[in-house]
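K.L.:
Chain by chain, the residues run as shown.
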Amino acid sequence: MEAKRVVVYLNQFFGQIGGEDKADTPPQSVAKAVGPGVGLQANLPENCTIVGTIICGDGYFNENLEEASTAVRQMLEEFAPHVVVAGPAFNAGRYGMACGMVGKIAHELGIPAVSGMYPENPGVEAYRQYLYIIETGNSAAAMRSALPAMGKLAGKLANGEPIGPPAEEGYLSRGIRKNVFADKRGSERAIDLLLQKLKGEPFTTEYPIPHFDRVEPAAAISDLSQVTVAVVTSGGIVPKGNPDRIEASSASRYGKYSIAGLDTLTAEGFETAHGGYDPVYANQNPNRVVPVDALRELEKEGKIGRLFPYFYTTVGNGTSVANARKYAAEIAAELVNEGVQAVILTST
Amino acid sequence: MHVCTVTPISLTVGANRIVPAVAIPHPLGNPKLNPQEEFTLRKKLVEKALQALTTPVSEQHVFES
Numbered sequence: 001m002e003a004k005r006v007v008v009y010l011n012q013f014f015g016q017i018g019g020e021d022k023a024d025t026p027p028q029s030v031a032k033a034v035g036p037g038v039g040l041q042a043n044l045p046e047n048c049t050i051v052g053t054i055i056c057g058d059g060y061f062n063e064n065l066e067e068a069s070t071a072v073r074q075m076l077e078e079f080a081p082h083v084v085v086a087g088p089a090f091n092a093g094r095y096g097m098a099c100g101m102v103g104k105i106a107h108e109l110g111i112p113a114v115s116g117m118y119p120e121n122p123g124v125e126a127y128r129q130y131l132y133i134i135e136t137g138n139s140a141a142a143m144r145s146a147l148p149a150m151g152k153l154a155g156k157l158a159n160g161e162p163i164g165p166p167a168e169e170g171y172l173s174r175g176i177r178k179n180v181f182a183d184k185r186g187s188e189r190a191i192d193l194l195l196q197k198l199k200g201e202p203f204t205t206e207y208p209i210p211h212f213d214r215v216e217p218a219a220a221i222s223d224l225s226q227v228t229v230a231v232v233t234s235g236g237i238v239p240k241g242n243p244d245r246i247e248a249s250s251a252s253r254y255g256k257y258s259i260a261g262l263d264t265l266t267a268e269g270f271e272t273a274h275g276g277y278d279p280v281y282a283n284q285n286p287n288r289v290v291p292v293d294a295l296r297e298l299e300k301e302g303k304i305g306r307l308f309p310y311f312y313t314t315v316g317n318g319t320s321v322a323n324a325r326k327y328a329a330e331i332a333a334e335l336v337n338e339g340v341q342a343v344i345l346t347s348t
Numbered sequence: 349m350h351v352c353t354v355t356p357i358s359l360t361v362g363a364n365r366i367v368p369a370v371a372i373p374h375p376l377g378n379p380k381l382n383p384q385e386e387f388t389l390r391k392k393l394v395e396k397a398l399q400a401l402t403t404p405v406s407e408q409h410v411f412e413s
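Chains as they are written, first to last, in this note's numbering: chain A, 1 to 348; chain B, 349 to 413.
Hints should not be assumed to be uniformly reliable.
Pulled from the structure, derived: some chain B residues nowhere near chain A, Cβ distances all over 10 Å [claimed, not checked]:
1. Asn382
2. Glu385
3. Phe411
4. Glu412
5. Ser413
Calculated pairs, PhoX-like style, for lysine-lysine (alpha carbon to alpha carbon, straight line, at most 25 Å) [what the hints assert, rightly or not]:
6. Lys303(A) - Lys391(B)
7. Lys197(A) - Lys184(A)
8. Lys300(A) - Lys392(B)
Honestly, the hints are just simulated from the structure, not real lab data.
It should be emphasised that the depicted structure is a prediction, and the values quoted were computed from it without experimental measurement.
Glycine included, every Cβ here is placed at the ideal spot set by N, Cα and C.
Work out the full structure: start from the sequences and follow the hints.
P.N.:
What follows is the structure, encoded as structure tokens:
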């Protein structure tokens, strides 16, 4: 078989450059397999070789989307691969968004791409139409099962082989419908499904109803000077020492902390518990995430009626959508009860 | 309303009023500025957030600078 070229995209961590302190690293490339790429190579067909790895910091990619995209596009044009493999990103949101964007760039260049993500990674929803995303577990512990599936699919794409449906190949649905011949006509299949459903038996729908989590925008506030404003954050700001032990990732709880009488959040009084971004800047000045100093001044100037005397906080780092929804419902109910009419949500 | 740096994530999760922030580890600040300049930047961002709350929207909207 003809030799095929594979290029891998990795973040700064898997690319072996460093941790969160290196998240601002711009795109760079090396002409060999690195980190998970070494394991991936073992799972590729014999005619496929990893000829290069593109590495970029998760922070840099998401904060400089245009510059990062231009650089990655240029590197892909130089490597001229037959397939691109991005990640796997598991449930890392920024990494997933970067992998998805790399897939989109490859798609624009006419190169097929594969990634691996946990279904709740925002990269899935945002980019799945551009690349194949193998379903993975939510952490790097799932690397061992992710690489064989990603390698197999990447090999097929590089060699131009036909790709089967999502359940068969292990990728997440791309929302694409393909015509196939079925043994039974539609009416019979529909009755079969209905009977299975009525009997309480397991069944697989042929057309899942898409789930769009959208809410009607709230009405605009007419006079802020009469309104109580609250701050809620997923940036993990907590009183120094993290008294409620909110976890650095996959938070199982949220906190509610008093800012009554405080003109600012000091480094002595507050810090971040978040494990998914470089904490240096938030620890130096927690107002960078929960802007108490600015809101207090606007309160004194009469621009807002009142700053709510508590802020709510959790760590948005691999936190499950189900948990996030639960915290949001509880927090929103309390805020409504307390007469808060405006909320500023801040995310890192 | 949502102040965040990675606005595509905010759009994906369904926020309706979105104000782009400075950077992931310091959404409402910039450690390269002196404290007074940084405070001014933060106050402007918060004012922009408040302005978003007073602006009628019928669908998801990113309030670009």
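K.L.:
Does each hint fit the structure? Answer for all of them.
P.N.:
Right, here's what the structure says about each hint:
no. : hint                  : in the structure
1   : Asn382                : holds, 12 Å
2   : Glu385                : holds, 13 Å
3   : Phe411                : holds, 13 Å
4   : Glu412                : holds, 14 Å
5   : Ser413                : holds, 15 Å
6   : Lys303(A) - Lys391(B) : holds, 12 Å
7   : Lys197(A) - Lys184(A) : holds, 18 Å
8   : Lys300(A) - Lys392(B) : holds, 16 Å
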